[in-house]
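K.L.:
Now for the letters of each chain:
Protein chains: 2
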Amino acid sequence: MTEDEIVKAIAALLCHPEPVEGRHRILLGIGDDAALWQPSRSHRSVISTDMLVEGVHFRRETMSLEDAGWRAMAAALSDLAAMGARPVLATVALGVPAAKADAQIVELYRGIAAAARRFEITIAGGDLSRCDLVTISVTVVGEVSNSRAKTRAGGGPGDVLAVTGALGAARAGLELANQPRLMEGANKDAALQAFRRPTPRIAEGRFLGASANVTSMMDCSDGLSTDARRLCAASGCGAVLEAVAVADSAREVAQRLGEDPERFALAGGEDFELLVTVRARAFRYLAGRYEKRFNKKLLRVGALRKGRDLEWRGAPLDRLGWDHFAEGAPRRGG
Amino acid sequence: MTEDEIVKAIAALLCHPEPVEGRHRILLGIGDDAALWQPSRSHRSVISTDMLVEGVHFRRETMSLEDAGWRAMAAALSDLAAMGARPVLATVALGVPAAKADAQIVELYRGIAAAARRFEITIAGGDLSRCDLVTISVTVVGEVSNSRAKTRAGGGPGDVLAVTGALGAARAGLELANQPRLMEGANKDAALQAFRRPTPRIAEGRFLGASANVTSMMDCSDGLSTDARRLCAASGCGAVLEAVAVADSAREVAQRLGEDPERFALAGGEDFELLVTVRARAFRYLAGRYEKRFNKKLLRVGALRKGRDLEWRGAPLDRLGWDHFAEGAPRRGG
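Going down the list, the protein sequences come from chains X and U.
Numbering that gives the first Met the number 0 numbers the first residue of the first sequence as 0 and each following residue consecutively.
Numbering that gives the first Met the number 0 numbers the first residue of the second sequence as 0 and each following residue consecutively.
The reader is advised that the hints may include incorrect statements.
[What the hints assert, rightly or not] Derived DSSO-like pairs: lysine-lysine, alpha-carbon spacing no greater than 27 Å straight-line:
| id | chain 1 | residue 1 | chain 2 | residue 2 |
| --- | --- | --- | --- | --- |
| 1 | U | Lys305 | X | Lys7 |
| 2 | U | Lys295 | U | Lys187 |
| 3 | X | Lys305 | U | Lys305 |
| 4 | X | Lys187 | X | Lys296 |
| 5 | X | Lys187 | X | Lys305 |
[Stated by the list, open to error] Quick list of simulated restraints, FRET-style, between CB atoms:
| id | chain 1 | residue 1 | chain 2 | residue 2 | range |
| --- | --- | --- | --- | --- | --- |
| 6 | X | Ala11 | U | Asn177 | 37 to 43 Å |
| 7 | U | Ala102 | X | Lys99 | 55 to 61 Å |
| 8 | U | Gly306 | X | Glu119 | 55 to 61 Å |
| 9 | X | Arg116 | U | Ala185 | 51 to 57 Å |
| 10 | U | Leu181 | X | Glu60 | 56 to 62 Å |
| 11 | U | Asp101 | X | Gly287 | 27 to 33 Å |
| 12 | U | Gln37 | X | Gly313 | 42 to 48 Å |
| 13 | X | Arg288 | U | Ala211 | 32 to 38 Å |
[Said to hold, decoys possible] On the chain U side, residues computed to face chain X include the following (Cβ under 7 Å):
| id | residue |
| --- | --- |
| 14 | Ala8 |
| 15 | Thr61 |
| 16 | Ser63 |
If you're looking for bench data, these hints aren't it; they were derived computationally from the structure.
All values derive from a computational prediction rather than experimental measurement.
Here a beta-carbon is modelled for each residue, glycine too, at the ideal position from N, C-alpha and C.
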């Protein structure tokens with residue numbers, strides 16, 4: 000296929016049978032030099048970019064290209080969730096090896112299209128290039144009313160630190176993808192799903208963003224110990240982690256591997272749950288509404304306090320999360 | 000450096016000493032999960048993504064990382080120019096080898112920042128990853144009033160086909176980068192500049208977009224023969240290429256290599272000049288105003304006509320331009 004033919008095939012894959020809220024505002028999509036859309040008058044626009052690289056973020060032995068496409072979308076959408084924003088449109092830059100490029104592009108776009116349908120975002124454009132390793136760069140644009148946009152700054156001493164769901168499942172899924180015989184059952188399925196088809200917490204982010212009692216928000220993509228530290232730095236606070244919410248699947252995998260389940264959650268990363276700070280007096284009420292709406296708990300993991308330090312189990316918490324460029328950083332997906 | 004430290008260093012590099020028109024509308028930039036901005040109420044938003052890959056679009060032997068950073072920005076900005084849009088903000092996803100990652104990231108961002116300053120666009124966010132080859136994905140967002148946005152569709156039979164500048168210089172620069180001793184002088188400098196530091200035609204695009212007599216517009220990034228074919232397909236027309244505007248530098252290099260200078264311009268690509276169609280009766284007037292404003296000519300290269308074919312020198316024109324995935328496609332930058 001020529002490049003123009005591939006673009007046509009992609010456009011067909013992305014074709015949506017039913018119109019979705021806001022989609023009519025895309026005035027010009029794939030096929031021209033750029034896409035054109037009408038931003039909402041009452042909202043602010045939000046943009047974020049995420050990159051996935053073969054051999055760094057995923058390996059073909061443990062993840063299909065379709066899953067990798069989904070994952071790249073999920074990672075970018077998670078940043079919109081962290082701002083409390085509604086997804087509008089995305090662009091996708093794909094680098095793909097020359098051999099069997101067509102088939103690889105179609106497989107990647109199957110996952111991209113599935114995530115786009117699920118989270119109601121329009122793929123409005125992109126670029127294709129040959130590249131010896133598969134690389135996927137997704138840029139997402141969303142909208143949020145200014146009063147609802149949450150940043151990492153804004154938390155204050157005394158605020159409750161909470162997460163939208165238990166952590167460590169994606170890390171557990173990675174272990175299981177590498178050692179499929181480690182265990183069987185529902186926890187295995189849940190962990191592999193969290194690893195291969197993670198869910199960006201778009202609905203949860205919009206719900207929490209709408210509350211004036213949520214003082215800061217971010218996504219927990221590099222592990223709680225790293226991300227809580229970032230939130231604290233932006234908010235000018237320290238924190239005590241009182242409990243770490245560990246996913247059942249993570250607990251089971253960690254135990255089978257003889258590792259500390261809480262460390263799995265602290266260092267695992269890529270769970271795409273949201274980390275929020277909530278005014279202490281409002282936490283119980285908000286958590287109640289959250290549980291009613293989402294049928295799961297808003298999990299308290301600690302509290303902000305004065306100072307700069309992060310404390311866990313009565314001692315300063317090491318940085319356990321994943322850093323792309325720190326020396327000796329383990330390869331993810333590896 | 001850790002990832003957080005690298006992000007701080009990048010933010011410092013991108014710090015602008017003077018405020019630029021529209022920059023105050025960026026409400027939240029680098030450092031949070033996403034960037035936040037206030038779109039203009041009277042305008043439409045435009046988005047485009049471009050990807051540069053080491054070994055495909057550039058080689059380190061012939062282009063510094065600083066130039067590659069500029070080039071990636073220029074390629075993305077050129078798509079905004081092609082819509083008649085004003086640049087607002089960009090995000091950048093960089094993949095960089097682990098060895099000496101810090102220094103490479105800083106060098107890439109020097110070029111990115113220089114282009115951002117020159118074309119008045121704010122770098123609002125991005126992502127970093129290790130990758131065995133340098134990959135640069137740039138997403139740009141711009142704005143245009145709806146009546147001024149130009150697409151590839153809209154040209155009709157009889158319209159004049161014109162370009163904003165002579166073609167082939169970037170291709171000439173590539174040849175010179177590979178064979179520096181081929182020639183000396185002003186043409187060499189111009190060609191190397193066109194190859195390493197190309198200029199997206201933002202001002203020209205905004206000027207032409209404002210004219211109701213410009214019926215379609217696109218950027219000429221894959222060679223006139225490929226891009227004119229795309230414009231014709233979108234506009235449902237054929238075209239006759241009467242003359243090909245060849246840059247002086249391209250003419251000199253082609254002659255020294257014993258090649259046809261017009262083929263250089265037809266197939267060369269990456270010149271980032273704009274290709275426009277103009278209502279025939281208005282062309283002379285518009286070209287006069289263009290020359291007065293930009294001190295260079297709007298160059299007539301042919302005319303649209305009924306049918307589907309592209310004709311050059313009295314015969315159907317082969318597809319000479321560059322296609323990323325066509326079999327036997329030459330490696331660019333190579």
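K.L.:
Check each numbered hint from earlier against the structure, then list the numbers of those it violates in ascending order.
P.N.:
3, 5, 7, 8, 10, 11, 13, 14, 15 and 16
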